[in-house]
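A.B. asks: In case you want the letters, here they are:
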Amino acid sequence: MTHTALAQAVNERSHEEFDALVNRYYHQAYNTAYRLTGNHADAEDLLQEAFLRAYRFFDRYDRSMPFINWFNRILTNLYIDEYRRRGRLRTLSLDESYETEDGEEAPAFDLPDLSPSPMELALQKELEDAIQEGLSLLSPEFRVAVVLADIEGHSYEEIAEMMNTSVGTVRSRIHRGRKQLRNLIMKHHPNLFERGDLK
Amino acid sequence: MNCRFVQSRLSAYVDCELTGHEQQAIRVHLEHCLECSQEYETLRKTKSLMRQLPLVQPTTSPEWLLARLHQQNGVMRRSARWSWNQVRWWQFAGGLALISAFIAWDLRSDPDRSEIQLTETPTAPAFVSQPIPNFEPAPSPALPQVSSSLYRSSLFPTSSSPYIPTNSYWIDESNSHIVSPLQPTRGFYTTFGLRPR
Ligand SMILES: [Zn+2]
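Going line by line, the protein sequences match chains S and Y. Mapping of the first sequence onto the numbering used here: position 190 corresponds to residue 190, and the numbering continues sequentially without gaps. One gets the numbering used here by counting positions in the second sequence from 1 and adding 199 to each.
Warning: the hint list may mix true and false statements.
As the list claims (entries may be wrong) - Here are the computed lysine-lysine pairs in the BS3-like style, where the Cα-Cα straight-line distance is at most 30 Å:
#1 Lys246(Y) x Lys179(S)
#2 Lys246(Y) x Lys187(S)
#3 Lys244(Y) x Lys187(S)
#4 Lys246(Y) x Lys125(S)
Keep in mind that the hints were calculated from the coordinates and are not lab data. All figures in this text were calculated on a predicted structure; none of them were measured in a lab.
The shape of chain S in the complex, shown without the other chains:
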């Protein structure tokens, strides 16, 4: 086998491996991208760019690390860079419906008008909006740390590796991010807090 033929065969194999990994982790990665950006259009752009980089640097991927950890490192760094470059990404449409002129928040749902069955759906929607809105108000580093910990379930050590920082910094980011999120939810959606743990 010549050198180029060998390289080609290896290349073909790693293409197949890469495709399989994309198929396997696509949904999870999409979820992370969406929670970071807050909308589908930016999530798709971010995801596409992150997978493009993963593809280009796939020969540097150390197989001893779970692929999703390696990928999330690319994704979150890209997200933070892009956030800094562009300021916020697309502003969330739900932002507009929230602050009225006198500073009172306008609830997205008129809860008393809903019958019990749509109530749960409305709460689910409110939860979704409340958290997405809260996340959008965090600094990108805090948001990334909170999303990776609470939504993706990564350990502090894994997050430190992904964000290229110390465990102490991660602990501080998660703590401060989570406190900010708590204050926002308690202020704008106290009923979610009273509801507590349904699941």
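Put chain Y with the ligand on the given structure of chain S with help from the hints.
C.D. replies: Then chain Y with the ligand, alone, in the frame of chain S:
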């Protein structure tokens, strides 16, 4: 162990990210301190709310992404920023095409100018390749100079435009495949390795 120290570690406590000794010490503190235990409870609930979020349903499929990816990586080799800017670029190009079309239409509806065009540029390919000095109409108050550059635009679509890709062009030439986002491609390598006639 004072309240300040405990409260600075409550998130890590919720996440079980402290050493065994610290977890134990904080647990004991929370049993006796109302303020800290309330703080703990709100942080625990915040995490719990986050964990109740459902997985977002993607609007695109992995096949779609792979098709885009290989297309960009193998063929485009452009700046990494490309994908972020493409929407705006195409919006801009679309706008430009519309403006060109409008001005060209305006030109044809003008008796003087349409005569110039009909006598000097009878076919669309000639229109496209026409040297600019022969084609450029005299500036008039109705059409300010700004718009004159738009006459040159090859974005202006004509029915016999040579730029409309044919099937053979699409498949065989220069690897400039367009993969529709609406048609996710399966088996990317084999599909694109083949050259259907
Ligand atoms: Zn205390």
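A.B. asks: Does each hint hold? Answer for all of them.
C.D. replies: Structure-based check of all given hints:
no. : hint                  : in the structure
1   : Lys246(Y) x Lys179(S) : holds, 10 Å
2   : Lys246(Y) x Lys187(S) : holds, 16 Å
3   : Lys244(Y) x Lys187(S) : holds, 14 Å
4   : Lys246(Y) x Lys125(S) : holds, 17 Å
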